[in-house]
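Number of protein chains: 2
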Amino acid sequence: MARPPLVDEIDVIGVGNAMVDVLSHENDEFLHRHGLTKGAMHLIDEERARELYAAMGPGVEVSGGSAANTVVGVASFGGRAHYIGKVRQDDLGEVFAHDLRSTGVGYDTPLASSGPPTGRCLIAVTAGAQRTLSTFLGASVRLTSADIDEQLIMRGKIVYLEGYLFDPPAAQEAFRKAARLAHAAGRKVSLTLSDPFCVDRHREAFLDLVLHHVDILVANEAEICSLYRVHDFDAALQRVRGQCEVAALTRGEHGSVITNGAEVHVIDAYPPDALVDTTGAGDLYAAGLLFGLSRGLDLAVCGKLGSLAAAEVISHVGARPMKPLAELAGAVLA
Amino acid sequence: MARPPLVDEIDVIGVGNAMVDVLSHENDEFLHRHGLTKGAMHLIDEERARELYAAMGPGVEVSGGSAANTVVGVASFGGRAHYIGKVRQDDLGEVFAHDLRSTGVGYDTPLASSGPPTGRCLIAVTAGAQRTLSTFLGASVRLTSADIDEQLIMRGKIVYLEGYLFDPPAAQEAFRKAARLAHAAGRKVSLTLSDPFCVDRHREAFLDLVLHHVDILVANEAEICSLYRVHDFDAALQRVRGQCEVAALTRGEHGSVITNGAEVHVIDAYPPDALVDTTGAGDLYAAGLLFGLSRGLDLAVCGKLGSLAAAEVISHVGARPMKPLAELAGAVLA
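Top to bottom, those sequences are chains U and D.
FYI, in this note's numbering the residues of the first sequence are 1 to 334.
FYI, in this note's numbering the residues of the second sequence are 1 to 334.
Accuracy of the hints is not assured; some may be wrong.
Stated by the list, open to error - Below are the DSSO-like pairs computed for lysine-lysine, each with C-alpha atoms no more than 27 Å apart in a straight line:
(1) D:38 to U:323
(2) D:157 to D:323
(3) U:38 to D:157
(4) U:188 to U:177
(5) D:177 to D:188
(6) D:157 to D:177
(7) U:323 to D:323
(8) D:157 to D:188
I should point out that these hints are in silico values taken from the structure, not numbers from a laboratory.
Model the full assembly from the supplied sequences, consistent with the hints where possible.
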């Protein structure tokens, strides 16, 4: 299949569950009282979302969604980025679309005009900048393969897919269609495992994807250990090595490890200016990694860009960068 | 008229235009391009709100509204507070109500089920933490005197009214009704002049209110100078002194001056931990002042509580306190 001219190329196209985050500061007792596992993502229905919201303290609303945060990061590095994900035609849907477009990310997935409201992720921020997520998928469940635009996918050097997309049933087909079209066009497919419990829910599908359909895998330590049902990071690393073109495994303050089979790079974390809110750390690591890979940079440099972006995003509340990452990247790229 | 038993008393009841704030970081060129006067509040219609929002960078949504911020501050000091203001039954209206109630502020103004959406205030934050406001009143214009609950007003030691309430025509009647009921019940009426341009729009009405209907006046330097059409702070101070029971005049980093006619107290500003966003500085000063007055504290102490609350709110993004003001107040009250 003929590749489109370079001028139309997009560095990264993210596909994911479109969400607005609602962040509030809570204590551990709050998590306990509501049966929430610290640090995890919980799927909740509309009624539980209403109950939990009523119990939460005053909130700050910011656009979120894992892959959406990542493509905003790619754009902040100076990359061309696009997003596919579903919101409803309501206030929060408008906020979501505005916040993507105003950062330069292309976004034209048709809005849902009926059905559940725009999805939201209730985030309890507890001591040590820990975040515990409760996700009401909302309109995200309306994403279908009809929303995957073939012409668009062909233009993207990398299509980046959330593991979370396996939660809304119809989105799995959208996920598979995007991967199929990308490969047919000679493009790369990247997957993030998203969350250890998400891996638990979809382990067989993810194992098959990693082996047969994913070029660039992004996972944190808990997720990759969950995928292979091992308790030791190195055991997971040895299992994934060579299973796909690139695997990037993040380990919080211990940095990350990137392997393309032959090479194994151990990358340090960047010390953040302050540790305020870890929401988005993995999403922004992926942004640096994918931006670097889309530009053909060395693996170690890609990892450093990931560390840099993660450090920026955990130094403030919210899962999207507040400083232009292209400026911060100067030191790494020089 | 018999006063209700003390156990049911409310320290402060705020009445104002209910707003959700949308904050984004912009540069001076943005203000210039959109004809915005730095530091001022501009009234805009729905179409202009849409245009301006489209031009703004990614935003953070937080509940706002001047008097609403103030009563949240009163609650944070440990006071009993209530709010009257109109939102619509939509996502942002739900956010507004949640954020008030979750801080302990009573709020039961009936929602508008038709008409314009919940009001929003687009806030461009520029260098030096300056904020420039563009307000789309939205559902606020539906506040009428029917929303002023006589039983509620009688329970409030102080009813606190925004000058901004003079912008939506029907709200003026609500304003006057609240003041009338409060005085009939032997309660205090407090007014903030809100904004120098708001004073320009309603100068004659405000001069009459200050002289005849207001017990506690809150204004910043620009507002009080605008009210009396003078260019010199001391000239304004001499004019307002004795016009109402208490006048509290704020001067940014130069602190504030409080007079009850006989006494004149010059109160220093508190140095904030950081200067991040001045949104809400005046609102939170009013919170400390009114909490102190409602508890019968000395004028100078009331002023210090105001300075303390203002310092807290300018040290982070958003117009509501992030730390419990009751804890911070320990040093002042000891």
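Results for each hint:
1. Straight-line distance between C-alpha atoms of residue 38 (chain D) and residue 323 (chain U) comes to about 23 Å, which keeps the hinted pair within the 27 Å bound.
2. Taken as a hint, the residue 157 (chain D) and residue 323 (chain D) pair is honoured in the structure, with Cα atoms around 25 Å apart against an allowance of 27 Å.
3. Distance restraint check for residue 38 (chain U) and residue 157 (chain D): the Cα-Cα separation of roughly 43 Å exceeds the 27 Å cut-off, and the hinted pair is therefore not satisfied.
4. At roughly 14 Å between alpha-carbon atoms, residue 188 (chain U) and residue 177 (chain U) fall within 27 Å of each other, so this suggested pair holds.
5. Restraint check for residue 177 (chain D) and residue 188 (chain D): satisfied, since their Cα atoms lie roughly 14 Å apart, inside the 27 Å limit.
6. For the hint pairing residue 157 (chain D) with residue 177 (chain D), the CA-to-CA distance comes to about 16 Å; that is within 27 Å, so the pair holds.
7. The straight-line distance between the Cα atoms of residue 323 (chain U) and residue 323 (chain D) is roughly 25 Å, inside the 27 Å bound, and the hint therefore holds.
8. For the given pair, residue 157 (chain D) sits about 6 Å from residue 188 (chain D) by alpha-carbon distance, which is consistent with the 27 Å threshold.
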